[in-house]
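> Respectively, the protein sequence lines represent chains E and A. If you use the numbering used here, the first sequence corresponds to residues 1 to 265, in order. If you use the numbering used here, the second sequence corresponds to residues 1 to 211, in order.
FYI, nobody ran anything at the bench for these hints, they're computed from the structure. Among the hints, erroneous ones may be present.
[Claimed, not checked] According to the in silico footprint, chain A covers these stretches of chain E (three or more CB under 8 Å from chain A):
{"hint": "1", "stretch": "31-45"}
{"hint": "2", "stretch": "106-115"}
[Stated by the list, open to error] Listed below are several chain A residues computed to face chain E (Cβ distance under 10 Å; list not exhaustive):
{"hint": "3", "residue": "120"}
{"hint": "4", "residue": "122"}
{"hint": "5", "residue": "131"}
{"hint": "6", "residue": "134"}
{"hint": "7", "residue": "135"}
Even for Gly, the Cβ is constructed at its ideal location relative to N, Cα and C.
One-letter residues, chain by chain:
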Amino acid sequence: MFTKPPSRGEPAIEFRGAGYRTPGNKIILDKLSLDVQRGETLVLLGRSGSGKTTALKLVNRLLEPASGAVRVEGRSTLDWDPIALRRRIGYVIQDAGLFPHFTVERNVALVPRLAGWEPERTAARVRELLHLVGLDAAEFGRRYPHQLSGGQRQRVGVARALAADPPFLLMDEPFGALDPLTRAEIQEEFRALQARLAKTIVFVTHDVREALRLGTRVALLDAGRLVGVYSPPEFLRATEPVAAAYVAALRMCEEPGSPRQGGER
Amino acid sequence: MSLWQFFLANRSEILQLTIEHVWLVGIAMLLAVLIGIPLGILVTRRPWLDKPILGAANIAQTIPSLALFGFLLEVPWLGARADRLAIVALTLYALLPIIRNTAAGISGVDPAVREAARGMGMTPGQILRQVELPLALSVILAGVRVATVWTVGIATIAAAVGAGGLGEFIFRGLSMVDNHLILAGAIPAALMALAADFLLGALERRLRYAP
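If we strip away everything but chain A, and leave its shape as in the complex, we get (with noise of 0.2 Å):
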């Protein structure tokens, strides 16, 4: 049986996995954007918690991601539920470009700028909303386009604790030692990390404020 023909037959599963996968993608980017753009913006407001927020981003980060799926088994409401333990972890990871490219966008926001928004009169607050995170929308919308497409990568790990998603071929691939189940997961993963890259980076140029 060709790859197609393999295609063809599964393709109600393999839509169904897709869609499995692009949920746990999407809730967790959308977790990771809520929690790491506030993140991000209080690094540049109080600059001693660059270190300790930065760090612990930096570190869930470096946790080989089985791993981490593993270690959170362990925890009480997390090992509870595969998806949402699966939810949790990738927002981890999806974190650390995301705060960093928020800070690094502000804080590359001209100073005379910035300065000449507090000399009219501005309020913080109008500084930050109409000033610095218009400026910085771009290079935030890089940070949330790496992490997308690292997070598709690494939510073919969630099948290992049962959380569902394209991985589900390829462990079963792995343990079957069947190319066909492996590539029945890797293809519409791949072109989803690339689909997620190409549109999240065309939003990038169109919202970034000067040509």
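The shape of chain E in the complex, shown without the other chains (with noise of 0.2 Å):
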């Protein structure tokens, strides 16, 4: 049901010198250059006002870029027909944006009905769903978004996003509004979840912590402008100076350790 594991070879997307300005020409991401590669998850690490959100936005068009181009599976996302492009793409925003008043099975149903499944092939598609990100359908099938709670609703929302198995996701700092520990419990799954559905996955936090534990290689953005790509061994030995401020604010509220081990439980 799910795809396979894509090859390695053209990157799936590539952010080619995309820039957006704001109505008054505030410059929010400069020049950003990047490649995501099919099947890898790539962090986009950052302060809020760092463009990072606004750089996940380019790629599913919800924003065009005001300068140089982003393109996905080869095409500029100009040339793509926004519809059929995002719903090749899955969505997971913060607090998930469950649709309130919709039962958990009709928002995780929502894309294939969409694309006009057949109502079985979607019912189906629901549970085996549900029961990926740890929900019992019968329990929780029914309920609305409001009777579940933040962790609930997140695992909805990846639910959601992963309906008509879609070959990307973008997450936007999808955990971020959740306690600490079930954060921890839903990143663990989480990394669990990609490691089976190899999806190529932009995801974006401004923990560095999440960052190194989810990411396959981090592009730490700062001010609208990459500071750097790194994998998370070399992130935390980077000596430029962004990177080096996360660490050693990592570092600061690590026990002794290596920090990939330390703290997480």
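Dock chain one against chain two, each of which comes alone in its own frame, and use the hints as you go.
This is how it looks when you write it as structure tokens:
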């Protein structure tokens, strides 16, 4: 049912000097060039206002680049039909953005229904996905989002994004609103899920620990500019001042030992 | 003769005028909903239309109702038939709360929900029908409810231009200084307003998505 892990080759998503500015001409994102490989989880890390969410929204064309281009599967987002593009890209946002007037089932079934799947196929897919994200369909399927905990809502949000089995996932601080224990739990599950599904994921966070735990690579953004792209071990050794500041902040709240092991649970 | 006896003696005329009243209000509200909700949606889609549309609806509302009926008498096609004129005037009065609440209800939808809908690849039409309108429904209905209650009251003035309705009793009672006649118009109209308020309020609560 899931797409096979695709072979490495041309990057799945390419930022080519992509810039974005506000109507008031303030530069939000400055000539971002970056490749996202198939099957990897690229984390965009940065503080608020660094342009990371803007970069994410350029991928599914919620925003359009003012300069340069963003290519998905080799084609500029501007050459895609935006609806078709977005249906190929799962989207998860903070606090899930679930539809409050839809049950859990209907929320998850959204994209399959839009794509005109048979009702039986959709229903089976919904059960499968709820199971995948650790929710019992019989117990939770008929509930409304306000009847769920934050962690459960976020799981439903992930299930909804995966529903039509899109090859890409965009995640904008998806676990940001969760308490630390739930967040650690759901991060672990997400890692396991990602190992199984091998989606191409762009993941936005301001949490350096989350970035290092979930990312194949970490792209560090600061004030609209790309500071660098690092693997998690490289990031920890980075001498670049912004990266080093993140690592120092991380170390400050770690117990002695490697940050990859310390203080997770 | 007690009021009760008066009502019994005139029940067929009261019923007749009540039916006329319901008809005037019903048609006017139907038109107001059919015009007001699309205009409310339009206002959220084209923000520059906000001021002109709401401004025009506001002006219609500030014209004293008796004067509005009088003005409309001069309009060629409208002035030809009293009920037509009354329905147009009542529709104009009912528009403002419906437009305003439709726009407010849609603007009040959580931006995260709207953005999730866009990000999921919903078309603007799908977002409107499946997300924005359902979530705005109880606010829109509240506007319809307010408009209906007003319209029931204002429709009594339709009798001044000969459009019938319960206002007949009131105007007749005023000219004859007969309280029974006035009450024969006012009481059914008040009950009608209360009933509309109650029924639309119940509908509003029923259709609200979350308890």
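> If a hint holds in the structure, say so; if it doesn't, say that too.
Results for each hint:
Chain A is given as covering the stretch 31-45 of chain E, and this is violated because 0 residues of the stretch bring a CB closer than 8 Å to a CB of that chain, at least three being needed. With 3 residues having a beta carbon nearer than 8 Å to a beta carbon of chain A, the stretch 106-115 of chain E meets the requirement of three or more and the stated coverage holds. Hint status for residue 120(A) relative to chain E: holds, with the closest Cβ pair at about 6 Å, below 10 Å. Taking 10 Å as the C-beta contact cut-off toward chain E, the hint placing residue 122(A) at the interface holds, the least distance being around 6 Å.
Taking 10 Å as the C-beta cut-off, the interface hint given for residue 131(A) holds, the closest approach to chain E being about 6 Å. The restraint placing residue 134(A) at the interface with chain E holds, with a minimum CB-CB distance near 5 Å, inside the 10 Å limit. This hint holds: residue 135(A) has a C-beta 6 Å from the nearest C-beta of chain E, less than the 10 Å allowed.
When the structure is compared with the earlier hints, a violation turns up for hint 1 alone.
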